[in-house]
Structure formats: C-alpha cells, structure tokens
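Colleague: Sequence:
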Amino acid sequence: MAGFKDKFDKAFEDKPIDELAGAPVDALQGLSPRHAELLKETFNITTVKDLGTNKYFLWAQAVAKLAE
Numbered sequence: 002m003a004g005f006k007d008k009f010d011k012a013f014e015d016k017p018i019d020e021l022a023g024a025p026v027d028a029l030q031g032l033s034p035r036h037a038e039l040l041k042e043t044f045n046i047t048t049v050k051d052l053g054t055n056k057y058f059l060w061a062q063a064v065a066k067l068a069e
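Here the working numbering runs 1 ahead of the position in the sequence shown, where the first position is 1.
It should be emphasised that the hints constitute simulated quantities derived from the structure, not laboratory data.
Source: prediction; values computed, not measured.
There's no promise every hint is true.
What the hints assert, rightly or not - Distance condition first, Cα-Cα at most 16 Å in a straight line; then the derived EDC-like pairs of lysine to aspartate or glutamate: (1) K6 to D19; (2) K41 to D51; (3) K6 to E20; (4) K50 to D19; (5) K11 to D27; (6) K41 to D27; (7) K50 to E69; (8) K56 to E69.
As the list claims (entries may be wrong) - Beta-carbon label-pair distances, calculated as ranges: (9) E42 to E69: 14 to 22 Å; (10) L59 to G23: 28 to 36 Å; (11) L59 to H36: 14 to 22 Å; (12) K6 to A68: 17 to 25 Å; (13) K56 to G23: 26 to 34 Å; (14) A12 to E38: 30 to 38 Å; (15) H36 to K6: 26 to 34 Å; (16) R35 to A61: 18 to 26 Å; (17) E20 to E69: 26 to 34 Å; (18) K11 to L67: 16 to 24 Å; (19) E14 to A68: 28 to 36 Å; (20) T54 to D10: 18 to 26 Å.
Quick reminder that beta carbons are idealized off the backbone N, C-alpha and C, glycines included.
Please take these sequences and the hints and turn them into a complete structure.
Modeller: Encoded structure:
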C-alpha cells in the first residue's frame, strides 16, 4: 500500500485495498463532497472503484497515453 497512503484522506490511509476501492470518491485527497455529488449526478460514480473503471475515464486515459 506504500504508493497510495498519501492519495487518500487521513481516515483512509491504513485501510486495505479492497476497502479503498469501496471508499467514497471524496476519500481521495483533493476531491470534496461537492465533487462527489457532481460525479454521482453526472456519471453515477460513488466509489473509488467506480471512478477507476468508468469507461469515459478509461477511454480518455488511453488516448492521453497514446498521444505521449
């Protein structure tokens, strides 16, 4: 878990990876409850796993990598 500790709010720092995947998106540092609200309204994203597996985010990431 070494690389993820500083990516989550303090309350989630020591959680196992499966709990992090199920954590609300605003558990990620820099995402507020308002951001979480907008992600839910727009993309039905409520968890970190939802965010990481969203097809639009994956497509955009693939295009960005290929453009490098």
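Colleague: So, for every hint listed, does it hold in this structure?
Modeller: Do the hints match the structure? See the list:
1. K6 to D19: Holds. K6 to D19 sits at ~14 Å (cutoff 16 Å).
2. K41 to D51: holds, 10 Å
3. K6 to E20: holds, 13 Å
4. K50 to D19: Cα-Cα ~9 Å, so holds.
5. K11 to D27: holds, 12 Å
6. K41 to D27: holds, 11 Å
7. K50 to E69: Answer violated: K50 to E69 is near 25 Å, above 16 Å.
8. K56 to E69: Not satisfied, since the Cα-Cα distance of roughly 20 Å exceeds 16 Å.
9. E42 to E69: 14 to 22 Å: violated, 32 Å
10. L59 to G23: 28 to 36 Å: Check failed, 19 Å falls outside 28 to 36 Å.
11. L59 to H36: 14 to 22 Å: Holds, since L59 and H36 (Cβ atoms, about 19 Å apart) stay within the stated range.
12. K6 to A68: 17 to 25 Å: violated, 30 Å
13. K56 to G23: 26 to 34 Å: violated, 20 Å
14. A12 to E38: 30 to 38 Å: violated, 19 Å
15. H36 to K6: 26 to 34 Å: violated, 21 Å
16. R35 to A61: 18 to 26 Å: holds, 22 Å
17. E20 to E69: 26 to 34 Å: With Cβ atoms ~32 Å apart, the hint holds.
18. K11 to L67: 16 to 24 Å: Given a distance of about 36 Å, which is not inside 16 to 24 Å, the answer is violated.
19. E14 to A68: 28 to 36 Å: holds, 33 Å
20. T54 to D10: 18 to 26 Å: holds, 21 Å
Against the hints set out earlier in the document, violations occur for numbers 7, 8, 9, 10, 12, 13, 14, 15 and 18.
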